[in-house]
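Asker: Work out the full structure: start from the sequences and follow the hints.
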Amino acid sequence: MFGWINSDTSLQGAFLRIVGIITAIGFALFLASQLVYTVLAPWWPYLFVGSVIAYGVWLMGHVIREYKQDIAGLSPKPLPLDGPMQVNITTETIDKNRPLLNFIRGRPLTHALIIEVRISQNDWKAIKKAGLYDAVLFEYPSPASTYDEEKMTYPVSSLRLPKTSVSFYNIGQLNEAKETLIQNLHNLKAQIEVHKQGPQKQSFEI
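The working numbering puts the sequence shown at residues 1 to 206.
Since the hints were derived computationally from the structure, they do not count as laboratory data.
Don't be surprised by glycine CBs; every beta carbon is placed ideally from N, CA and C.
Hints are supplied without guarantee of correctness; some may be wrong.
Here are the simulated DSSO-like pairs of lysine-lysine, each with C-alpha atoms no more than 30 Å apart in a straight line [what the hints assert, rightly or not]:
{"id": "1", "residue 1": "K189", "residue 2": "K201"}
{"id": "2", "residue 1": "K77", "residue 2": "K125"}
{"id": "3", "residue 1": "K129", "residue 2": "K196"}
{"id": "4", "residue 1": "K201", "residue 2": "K178"}
{"id": "5", "residue 1": "K163", "residue 2": "K151"}
{"id": "6", "residue 1": "K77", "residue 2": "K178"}
{"id": "7", "residue 1": "K125", "residue 2": "K201"}
{"id": "8", "residue 1": "K189", "residue 2": "K125"}
{"id": "9", "residue 1": "K151", "residue 2": "K125"}
{"id": "10", "residue 1": "K163", "residue 2": "K77"}
{"id": "11", "residue 1": "K77", "residue 2": "K196"}
{"id": "12", "residue 1": "K77", "residue 2": "K129"}
{"id": "13", "residue 1": "K163", "residue 2": "K201"}
{"id": "14", "residue 1": "K196", "residue 2": "K178"}
{"id": "15", "residue 1": "K128", "residue 2": "K189"}
{"id": "16", "residue 1": "K196", "residue 2": "K125"}
{"id": "17", "residue 1": "K129", "residue 2": "K163"}
{"id": "18", "residue 1": "K129", "residue 2": "K189"}
{"id": "19", "residue 1": "K201", "residue 2": "K151"}
Beta-carbon label-pair distances, calculated as ranges [as the list claims (entries may be wrong)]:
{"id": "20", "residue 1": "I18", "residue 2": "V49", "range": "40 to 46 Å"}
{"id": "21", "residue 1": "L35", "residue 2": "S165", "range": "55 to 61 Å"}
{"id": "22", "residue 1": "V136", "residue 2": "R107", "range": "22 to 28 Å"}
{"id": "23", "residue 1": "P199", "residue 2": "M85", "range": "20 to 26 Å"}
{"id": "24", "residue 1": "S142", "residue 2": "L59", "range": "26 to 32 Å"}
Answerer: The structure is reproduced here in structure tokens:
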């Protein structure tokens with residue numbers, strides 16, 4: 001019945017060695033798992049909480065990176081050393097239906113103003129030296145409030161981002177803000193040029 005074992009002892013030895021190795025590895029893994037469990041058992045709650053916190057930090061970083069890429073776009077070009085402002089203003093209809101946010105606000109946001117302004121490096125230096133970095137370009141209704149009286153401001157510093165979006169509850173609010181923005185951009189450029197000219201002296205008699 002077992003003649004094949006007696007006829008090939010080398011095959012029998014190889015088979016037994018393989019079985020022995022597999023058994024030893026399995027037993028070693030079993031002992032290692034028991035040792036790890038014994039040593040780490042008191043620390044399991046801390047390891048679990050630490051893993052959750054680490055994952056949360058990673059997820060938050062991922063969301064922030066995605067948000068920044070969404071706002072800034074892909075690899076914005078470096079700002080020119082000098083030159084005119086390059087302005088692109090786009091009006092878009094908000095088609096996304098967000099029932100929960102609309103319910104909280106009491107009304108939906110209907111339009112968005114997409115602002116893309118490239119300002120030269122020298123103009124940015126002049127803006128900071130002239131104290132215009134935080135100057136307000138326009139106001140818009142707070143998206144977190146149902147009252148038009150609650151306003152938020154769009155400062156010059158927001159133009160540092162290659163692309164920004166401001167939402168409105170109706171097209172009338174958007175058009176008013178857009179007109180104010182365009183006028184104030186012209187005023188900003190004029191003030192930059194005045195600052196570049198150096199001290200302004202006036203002489204007159206009264």
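Asker: A separate judgement is required for each hint: does it hold in the structure or not?
Answerer: Here is how each hint holds up against the structure:
1. Using a Cα cut-off of 30 Å, the hinted pair K189 and K201 holds, with the two alpha carbons roughly 20 Å apart.
2. Under the criterion of a C-alpha separation no larger than 30 Å, the hint pairing K77 with K125 is consistent with the structure, at around 18 Å.
3. Note on K129 and K196: the hinted pairing holds, with a Cα-Cα distance of about 10 Å set against a maximum of 30 Å.
4. With a C-alpha separation of about 35 Å, the suggested pair K201 and K178 falls outside the 30 Å cut-off, and the hint is violated.
5. A distance of roughly 21 Å separates the Cα atoms of K163 and K151; the hinted pair therefore holds under the 30 Å criterion.
6. As the CA atoms of K77 and K178 are separated by approximately 25 Å, the hinted pair is consistent with the 30 Å bound.
7. Proximity of K125 to K201 is assessed by CA-CA distance (about 22 Å); at most 30 Å being required, the pair is judged to hold.
8. Straight-line distance between C-alpha atoms of K189 and K125 comes to about 13 Å, which keeps the hinted pair within the 30 Å bound.
9. The hinted pair formed by K151 and K125 meets the criterion: a straight-line CA distance of about 29 Å does not exceed 30 Å.
10. Annotation: proposed proximity of K163 to K77 holds, straight-line Cα distance about 12 Å (limit 30 Å).
11. Restraint check for K77 and K196: the C-alpha separation of about 25 Å stays at or below 30 Å, so the hint holds.
12. Taking the CA atoms of K77 and K129, the gap is near 24 Å; set against the 30 Å cutoff, the hint holds.
13. This hinted pair does not check out: K163 and K201 have alpha carbons roughly 38 Å apart, beyond 30 Å.
14. For the hint pairing K196 with K178, the CA-to-CA distance comes to about 27 Å; that is within 30 Å, so the pair holds.
15. Between K128 and K189 the CA atoms are separated by roughly 13 Å; this keeps the pair inside 30 Å, and the hint holds.
16. A C-alpha spacing of about 10 Å is found between K196 and K125, which places the hinted pair at or below 30 Å, so the restraint holds.
17. Between the alpha carbons of K129 and K163 the distance comes to roughly 24 Å, so the proposed pair stays at or under 30 Å and holds.
18. As the CA atoms of K129 and K189 are separated by approximately 14 Å, the hinted pair is consistent with the 30 Å bound.
19. About 38 Å separates the Cα atoms of K201 and K151, which puts this hinted pair outside 30 Å; it is violated.
20. Checking the proposed 40 to 46 Å range against I18 and V49 shows it holds: the Cβ atoms sit about 43 Å from each other.
21. In this structure the supplied range 55 to 61 Å holds for L35 paired with S165, their Cβ-Cβ distance being about 57 Å.
22. A hinted range of 22 to 28 Å for the beta carbons of V136 and R107 is consistent with their spacing of about 25 Å.
23. In this structure the hint that P199 and M85 lie 20 to 26 Å apart at CB holds, the actual value being about 24 Å.
24. Our hint of 26 to 32 Å for S142 and L59 holds, since their Cβ atoms are close to 28 Å apart.
Violated hints, in rising order: 4, 13, 19; the structure is consistent with all others.
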